[in-house]
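Whole structure, please, built from the sequences with the hints as guidance.
In this note's numbering, the protein residues as written are 1 to 343.
Quick caveat, the hints were computed from the structure, so don't treat them as lab data. Don't be surprised by glycine CBs; every beta carbon is placed ideally from N, CA and C. Wrong hints could be hidden among the right ones.
[What the hints assert, rightly or not] Quick list of in silico lysine-lysine cross-link-like pairs, DSS-like style, CA-CA up to 27 Å:
hint, residue 1, residue 2
1, 210, 182
2, 42, 182
3, 227, 199
4, 210, 227
5, 199, 210
6, 199, 165
7, 210, 165
8, 210, 161
9, 42, 210
10, 42, 78
11, 291, 199
12, 161, 227
13, 182, 291
14, 182, 161
15, 210, 306
16, 182, 227
17, 210, 78
18, 78, 182
19, 165, 78
20, 42, 291
[Claimed, not checked] Now the in silico label distances, taken between C-beta atoms and shown as ranges:
hint, residue 1, residue 2, range
21, 114, 39, 48 to 58 Å
22, 51, 154, 41 to 51 Å
23, 63, 287, 19 to 29 Å
24, 184, 63, 15 to 25 Å
25, 287, 229, 27 to 37 Å
26, 280, 215, 14 to 24 Å
27, 211, 185, 24 to 34 Å
28, 177, 154, 12 to 22 Å
29, 324, 76, 28 to 38 Å
30, 33, 124, 20 to 30 Å
31, 324, 118, 41 to 51 Å
32, 126, 38, 56 to 66 Å
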Amino acid sequence: MKNRGRLLKIIIPIVTVICSALFIPWGILAVWISPLPDSVQKEVESAINNGLDGIIVYVDQGDETSLYSAGWHNRDDKVVADPEALFKIASISKLYIAVAAAKLVDDQMISLDDNLAVLLPEYAGSIEYSDRITLRMMLQHRSGIPNYLDQPDYPWVNPPKNNEKTLQLILGMPADFTPGEKYSYSNTNYLLIGMIMDKTLGYSHHRYIKDEILTPLNLNNTYSLLKDVDLNDVMSGYSVGYDSDIKYNDFVNPGGSMLATAEDVGIFLRALIDGSLLTNDEQAIYSEIYKYEHTGLLPGYQSIAKYHKDIDTVVVQFVNTSGGDSWSKSEIIYNRIIRILQR
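Here it is as structure tokens:
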């Protein structure tokens with residue numbers, strides 16, 4: 001028995017090492033452990049060697065801005081990545097909606113304490129706790145409303161072309177939790193906020209965002225919907241295991257529909273952070289309801305937009321590959337770029 005015990009002490013660690021080796025995501029590990037290059041451009045170029053189709057990076061260091069790119073704008077036609085290309089920024093769109101909401105609240109057109117049953121009474125009977133879900137909760141993802149993108153029958157290949165069709169995926173479903181009880185990210189929140197703003201304004205919130213946010217900042221390369229742009233200007237999107245260009249998939253729901261250049265997103269984020277976009281009162285409201293950074297993910301498109309206070313730098317990264325381990329690789333590459341900038 002003693003010999004058996006000794007043998008097990010030897011075998012178990014060996015088996016553990018072997019099993020760990022079999023399940024290590026070697027592609028991710030290779031990105032993580034590779035030597036850090038001496039420039040952002042070299043890191044961007046290495047991203048393509050690690051299986052990503054194309055990448056764009058914008059860096060705003062306060063008194064200096066830079067654009068970097070590598071890989072493909074269109075893989076099939078061998079068009080190289082254009083740092084000024086339009087990109088589907090997906091959930092980064094939520095920052096613009098939250099800013100618009102803060103402005104409307106400051107103008108007393110809506111209140112953070114208004115509940116969903118009052119704001120959109122037509123859905124009072126089909127969204128649980130609608131009389132207890134406030135605008136504040138929806139903005140903060142504390143409503144408990146199910147996320148339409150989590151539904152197994154969401155038609156990714158041919159997304160719904162209007163908000164009502166998308167809402168049908170979750171209407172009548174039980175809430176994920178009692179409103180205000182906890183945080184749970186739900187795209188449905190911002191779809192409903194877009195609808196609330198449309199109703200409050202009497203016209204499209206897209207127009208309001210353009211008039212109140214984009215135009216004052218001279219963001220001439222930011223758009224609300226795919227139909228508003230020349231498709232040739234949009235970076236193609238690819239997903240691991242799927243050969244076709246996905247840029248023709250049209251996502252129209254508020255909170256995920258916008259397109260922009262990396263530079264425009266960086267200018268917007270800098271203005272949001274330094275106070276030049278909002279008045280003091282609007283800034284106070286915004287700080288209460290939402291964060292100052294975001295990521296975005298749609299089939300074929302992933303994006304990161306963050307401010308790094310320690311180096312007073314805004315960094316925006318676009319990658320036109322999704323699926324597989326591409327998100328993990330993208331995050332590692334982004335963090336490596338920050339380390340380069342910190343040196």
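To see whether the hints hold, each was checked on the structure:
no.	hint	result
1	210 - 182	violated (33 Å)
2	42 - 182	violated (42 Å)
3	227 - 199	holds (22 Å)
4	210 - 227	holds (15 Å)
5	199 - 210	holds (17 Å)
6	199 - 165	holds (18 Å)
7	210 - 165	holds (25 Å)
8	210 - 161	holds (21 Å)
9	42 - 210	violated (36 Å)
10	42 - 78	holds (21 Å)
11	291 - 199	holds (25 Å)
12	161 - 227	holds (12 Å)
13	182 - 291	holds (16 Å)
14	182 - 161	violated (31 Å)
15	210 - 306	holds (22 Å)
16	182 - 227	violated (36 Å)
17	210 - 78	violated (34 Å)
18	78 - 182	violated (47 Å)
19	165 - 78	violated (37 Å)
20	42 - 291	violated (31 Å)
21	114 - 39: 48 to 58 Å	holds (50 Å)
22	51 - 154: 41 to 51 Å	violated (26 Å)
23	63 - 287: 19 to 29 Å	holds (26 Å)
24	184 - 63: 15 to 25 Å	violated (40 Å)
25	287 - 229: 27 to 37 Å	holds (32 Å)
26	280 - 215: 14 to 24 Å	holds (21 Å)
27	211 - 185: 24 to 34 Å	holds (28 Å)
28	177 - 154: 12 to 22 Å	holds (21 Å)
29	324 - 76: 28 to 38 Å	violated (19 Å)
30	33 - 124: 20 to 30 Å	violated (54 Å)
31	324 - 118: 41 to 51 Å	holds (45 Å)
32	126 - 38: 56 to 66 Å	holds (57 Å)
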